[in-house]
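Which chain is which? The protein sequence lines are A and B, in order. With numbering that gives the first Met the number 0 applied, the first sequence corresponds to residues 0 to 316, in that order. With numbering that gives the first Met the number 0 applied, the second sequence corresponds to residues 0 to 327, in that order.
All clues given are correct.
What follows is a set of in silico ranges between Cβ atoms, one per label pair, in the way DEER data are often shown:
hint	chain 1	residue 1	chain 2	residue 2	range
1	B	Thr-86	A	Gly-163	56 to 64 Å
2	A	Leu-245	B	Ser-257	47 to 55 Å
3	A	Asn-89	B	Glu-58	52 to 60 Å
4	A	Ser-205	B	Gly-18	25 to 33 Å
Mimicking DSSO-like on lysine-lysine, the simulated pairs with C-alpha atoms at most 30 Å apart in a straight line are:
hint	chain 1	residue 1	chain 2	residue 2
5	A	Lys-228	B	Lys-80
6	A	Lys-228	B	Lys-108
7	A	Lys-212	B	Lys-10
8	A	Lys-228	B	Lys-126
9	A	Lys-212	B	Lys-80
10	A	Lys-275	A	Lys-150
11	A	Lys-45	A	Lys-56
12	B	Lys-63	A	Lys-120
13	B	Lys-256	B	Lys-313
14	B	Lys-122	A	Lys-228
15	A	Lys-120	B	Lys-108
16	B	Lys-313	B	Lys-201
17	B	Lys-313	B	Lys-258
18	A	Lys-315	B	Lys-108
19	A	Lys-212	A	Lys-120
20	A	Lys-275	A	Lys-82
21	B	Lys-63	A	Lys-228
22	B	Lys-10	B	Lys-63
23	A	Lys-120	A	Lys-228
24	B	Lys-122	A	Lys-212
25	B	Lys-10	B	Lys-306
26	B	Lys-80	A	Lys-120
27	A	Lys-82	A	Lys-39
28	A	Lys-56	A	Lys-39
29	B	Lys-108	A	Lys-212
30	A	Lys-212	B	Lys-63
31	B	Lys-80	B	Lys-10
32	B	Lys-80	B	Lys-1
33	A	Lys-120	B	Lys-10
Output of the computed footprint for chain A on chain B, the stretches with three or more beta carbons under 8 Å from beta carbons of chain A:
hint	region
34	84 to 96
35	114 to 124
Everything labelled a hint here was simulated from the structure, so no lab data went into it. Keep in mind it's a predicted model, so treat the numbers as computed, not measured. We treat Cβ as the ideally placed atom computed from N, Cα and C, and that holds for glycine.
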Amino acid sequence: MSTYLIRRLSYMILILLAASFLIFSLYALTPGDFISGNIKLTPERKAELREIYGLSKPLMERYLTWMGNALHGDFGYSLAQQKPVLTIFNEYIWNSFLLAVVSTFLTWFIAVVIGVIAAYKQYSWFDTIVMLVIFGAMSIPSFFIGLFLIKIFAVDFHWLPPGGMTTTGSNATGWAYALEVIRHMTLPVAVMTLLGLGSLTRYFRSNMIDVLKQDYIRTARAKGLTERKVLFTHALRNALLPAITLVGFELPALFGGSLIIESIFNWPGIGQLYMKSFGLRDYPLLMGFTMFLAVLTVIGTLLSDILYRVADPRVKL
Amino acid sequence: MKDLLHIEQLKTHFSTEAGTVRAVDGVSLHVRAGETVCIVGESGCGKSITAMSVMGLVEGPSGKVVGGAIEFDGRDLLAMKANELRTVRGNDIAMIFQEPMSSLNPVLKIGEQIVEPLMEHRKLSRKEARARAIDLITLVGISRPEQIMDSYPHELSGGMLQRVMIAIAVSCNPKLLIADEPTTALDVTIQAQILDLLRSLKDEGGMSILLITHDLGVVAEMADYVVVMYSGKVVEEGEVVELFNNPKHPYTQGLLKSKPIINQRKDTLYSIPGQVPNPLELTESCYFHDRCQHCMEICRTREPKLKDVGQGQKTACWLYEEEALAHV
Chain A
0 MSTYLIRRLS
10 YMILILLAAS
20 FLIFSLYALT
30 PGDFISGNIK
40 LTPERKAELR
50 EIYGLSKPLM
60 ERYLTWMGNA
70 LHGDFGYSLA
80 QQKPVLTIFN
90 EYIWNSFLLA
100 VVSTFLTWFI
110 AVVIGVIAAY
120 KQYSWFDTIV
130 MLVIFGAMSI
140 PSFFIGLFLI
150 KIFAVDFHWL
160 PPGGMTTTGS
170 NATGWAYALE
180 VIRHMTLPVA
190 VMTLLGLGSL
200 TRYFRSNMID
210 VLKQDYIRTA
220 RAKGLTERKV
230 LFTHALRNAL
240 LPAITLVGFE
250 LPALFGGSLI
260 IESIFNWPGI
270 GQLYMKSFGL
280 RDYPLLMGFT
290 MFLAVLTVIG
300 TLLSDILYRV
310 ADPRVKL
Chain B
0 MKDLLHIEQL
10 KTHFSTEAGT
20 VRAVDGVSLH
30 VRAGETVCIV
40 GESGCGKSIT
50 AMSVMGLVEG
60 PSGKVVGGAI
70 EFDGRDLLAM
80 KANELRTVRG
90 NDIAMIFQEP
100 MSSLNPVLKI
110 GEQIVEPLME
120 HRKLSRKEAR
130 ARAIDLITLV
140 GISRPEQIMD
150 SYPHELSGGM
160 LQRVMIAIAV
170 SCNPKLLIAD
180 EPTTALDVTI
190 QAQILDLLRS
200 LKDEGGMSIL
210 LITHDLGVVA
220 EMADYVVVMY
230 SGKVVEEGEV
240 VELFNNPKHP
250 YTQGLLKSKP
260 IINQRKDTLY
270 SIPGQVPNPL
280 ELTESCYFHD
290 RCQHCMEICR
300 TREPKLKDVG
310 QGQKTACWLY
320 EEEALAHV
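Chain A with its partners taken away, still in its complex shape:
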């Protein structure tokens, strides 16, 4: 186990180094930068600014500077906001995390329940209707569902706010504030859950169908166990095992924000920030964010490997 971890960690460092170089090159080699977009500046002033920001230095030297600082936990300053990149992340990322964590939990929970029931009653009317609805939900683009729900619940019925995280001008605190945020996040969470539900339900349904055909399920029934025990003690655990791979991938998704949902619902999350920074070519922020996702992805895969070890006695690390 420990030799596995050491080997695995050294791979992770190599992968992240390679990723950092790729990420840096991608942004650095893209024509134009934060300064070239500003038409108010004279060419002399632009050259002067590039000198100040260090943008005129050779590529390799700039990479090493960025990387060296990053290793010390310093991802530089956002050019547009003139604040440390990490400080800005901290302002936005938790808003995204809030949406993601709630919708991910709901998605998994509902997908497991519906998937298991649909598999157990394969080809029944319940199964057929569920599969139809899921196909429908998967086929409609997120911006459409988002706008559609806003039209119905916010514009027509005034049940829920159309966007934002708090009511404009509100200075509620404590429980009132929490309630306000919950009301604002209901629609975006609903849309995100709806979008993720389809593929995950189908995944659990097919896993469960496979497992229910296994010999050990027949044994469990031959022992005279209740169907509930057969399903939840014997089948479900085996059906959930392959999903551990997906758990690893959820980690970057939890912090990565959602470009489209956050834009539609005007949610002050990292996805929206990312979109805005793209327009401004705020490269330090973009590089920092991409690197952050790379780190999370690598940690996520390590996490799912370790989880496998915990959940499946046949796996040895």
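With chain A held as given, fit chain B onto it using these hints.
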């Protein structure tokens, strides 16, 4: 002696896209208390489906018992509700299977899987069930029972796993043990050990065994009474010695001829010519007719009924029917 299990004209059919497969088509058999009955036949002859029908575990919705009666210990199993039948399964009737490696849940400890039926049927507490499970593991001849309790199936060999399966099966002292090819997936030396174990458990506990096999060596060793099945029907049955010495049905004769004999090396081993007929294309006839050396006109068009031919032996073959002779 009274019948413990009484199967009468059982019909289990499977509906497939290509048509109805009559996997078990009018099978009758009886198992008396303390008796070992073997069902013999080639793959696909319906012997396992007969067993699954008794357990009420035929895979729905395509498979279904469509006719006949199954009576166990005076109770009609087919009329039972799912929940009632569940209290019989694993308690009064237990079953072991062909593949011990895949028959145990890979993510649950052996101990966990043994205590389950004890807690379910005998309502033992976890602690009591665990103590009983350790006794059971010792009973089936595995040493270091405590260590085995905390092992996972992948850590044990096939023979050990089949012993564990037997421990689970006999945990609630069943009256009937159904063993579906229990030794097919195991090494020959292990096979003998497992059969010995089954026999000694039977002698000690007085349970009956319904043994399903295609191995005539196993039949000779275990059976009191033999039922030979072909294409979903019983073609011959009788006491084991009588049936081995004096097989009546050409299929049984062929089966016995194709069995290798120790110390006798032949260039080619006898095999019954032809193949098992496609169950979808069967029309009324003796289903064995196109593989039979004694095939007559009547065999192609009419089905022979199971008929007493003396010495407690029954066979379904036109060779022994006077009607057939009148026909010629």
